[in-house]
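**Q** These are the residues of each chain, in order.
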Amino acid sequence: MADVVKVFRTWSSPFALRVIWALQLKGVEYETIFEDITNKSPLLLQYNPTYKQVPVLVHNGKPILESLVILEYIEETWKENPLLPEDPYERATTRFWAKFGDDKLVPSVRGVLMTQGKEQEEGIPVVIETLKLIEEQLKGKKFFGGETIGFLDIALGWTANLMCVFEEVTGIKFLDAETFPLLSAWIENFSDVSVIKQNWPPRDKLVLKFQAAREKCLAEAATK
Amino acid sequence: MAGTTTSDVRLIGAWPSPFVMRARIALNIKSVYYEFLQEQLGSKSDLLLKSNPVHKKIPVLIHGDRPICESLVIVQYIDDVWASGPSILPSDPYDCAIARFWAAYIDEKWFPSLSGIARAQGEEAKKAAIEQVVEGLVLLEDAFVKCGKGRAFFGGDTIGYLDIALGCYLGWIRVTEKMNNMKLLDEAKTPNLVTWADKFCGDGSVKDVMPETDKLAEFAKVLMAKFRAPPPN
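Quick mapping for you: the protein sequence lines, in order, are chains A and B.
Residue 1 is where the first sequence starts when you use the UniProt record's numbering, and the numbers rise one by one after that.
Residue 1 is where the second sequence starts when you use the UniProt record's numbering, and the numbers rise one by one after that.
Careful, some of the hints might be misleading.
[Unchecked claim] Derived lysine-lysine pairs resembling DSBU-like cross-links, with alpha carbons at most 30 Å apart:
1. 62/A - 118/A
2. 50/B - 52/A
3. 189/B - 139/A
4. 189/B - 226/B
5. 52/A - 221/B
6. 126/B - 52/A
7. 126/B - 141/A
8. 99/A - 109/B
9. 56/B - 79/A
10. 146/B - 6/A
11. 127/B - 79/A
12. 207/B - 173/A
13. 109/B - 62/A
14. 62/A - 146/B
15. 99/A - 197/A
16. 40/A - 146/B
17. 50/B - 104/A
18. 99/A - 79/A
19. 56/B - 99/A
20. 149/B - 56/B
21. 215/B - 52/A
22. 6/A - 126/B
23. 104/A - 173/A
24. 99/A - 132/A
No lab work stands behind these hints, which were simulated from the structure alone.
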């Protein structure tokens, strides 16, 4: 029986992109269901009652949730083009930094994107320090995965596209080439991989979306 | 002393930490001998700072001379390296995904709600905090029924990844129950988890590393006093 693979995503979700990249890198055929986050489908709510979020991967009717969990599932299910290193220590290091990206980088960036004034100013060094730790992981490597992109490139891949969007929205420069030569080179190399290039959401739409999100967040904070 | 060598496997940790316990249970499941290097409350050893410069937190597993950090990353590493021992992660990718999902839920959503009980000020806030924890446990009860498929543990007949992820908090669950004179795990709402909890704590790989509730409660008092003390000028 042929595999039936479906991905619930939104046009802009960076976490859903991880799933798309992994499936395409492994040559897995799938159907895409685009969700409207303001009007979630009953099917999405049925598959993800805990978080009610995208992405959701549905494989032969069974839902898998949370993008990094989905990546591990994809890796274990479709063996072509392995994304994780074979060596257990390198796998542990990869998992550590993927978790670090989600636990530290994402909130620190959100902390600057969605604030202003003193709060925003204080958030900037946190982003820079976090990026510096990630930069170090690229020493001697073209990609986090080595010669080709791997699990960690996919986990951190949102930065290659969204950091410059956030820079435009906030007017703050996070990733300059002088401070982050390795990350800057990685962004170019990563963005050049065809699976990555062909899936970037439209930049101008992203700028508008995040501008609106920022304004909404600042307005809500002001009323508190 | 002449002739001594550093153990191949060392674990930097502390007996009260549920995160450290995860690593210890995993090592026990695989019958791996390790040297337990205990950190003292209030100070961080040079070895810890050197081995985990990013987070400066326990547990850190040092295998040979290579450090591995983050408790669930450590558990997966142990499962990968000592592959001939009993499996910790489910072999089926879907079961594995379910286990990973709930383990992440436990750490990201449920555990903060448990810590929220101690932080809650006033009766109303405490009641709300307790309700939130119980709601989460009811979700996990449901997950247990689905994952365990009628067997003793989330992992089946033996302790697995999700058992370790949740079970490590049982000491602190019992301390919270004792200090607030109520039940978080109760027969009415979470009957399967009540049975599971006893089996987990009695398991050979767990019983020597699960702290006694009274000892942990004493430690909790010391910890709370330390945090409530005015900061030094």
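**Q** None of the hints should be skipped; say for each whether it holds.
**A** For each hint, the structure was consulted:
no. : hint          : verdict
1   : 62/A - 118/A  : violated (46 Å)
2   : 50/B - 52/A   : violated (40 Å)
3   : 189/B - 139/A : violated (52 Å)
4   : 189/B - 226/B : violated (35 Å)
5   : 52/A - 221/B  : violated (38 Å)
6   : 126/B - 52/A  : holds (27 Å)
7   : 126/B - 141/A : violated (50 Å)
8   : 99/A - 109/B  : holds (15 Å)
9   : 56/B - 79/A   : violated (36 Å)
10  : 146/B - 6/A   : holds (23 Å)
11  : 127/B - 79/A  : violated (49 Å)
12  : 207/B - 173/A : violated (53 Å)
13  : 109/B - 62/A  : holds (23 Å)
14  : 62/A - 146/B  : holds (13 Å)
15  : 99/A - 197/A  : holds (24 Å)
16  : 40/A - 146/B  : holds (26 Å)
17  : 50/B - 104/A  : holds (20 Å)
18  : 99/A - 79/A   : holds (23 Å)
19  : 56/B - 99/A   : holds (16 Å)
20  : 149/B - 56/B  : violated (39 Å)
21  : 215/B - 52/A  : violated (40 Å)
22  : 6/A - 126/B   : violated (42 Å)
23  : 104/A - 173/A : holds (19 Å)
24  : 99/A - 132/A  : holds (16 Å)
In terms of the numbered hints stated before, the structure departs from hints 1, 2, 3, 4, 5, 7, 9, 11, 12, 20, 21, 22, listed from lowest to highest.
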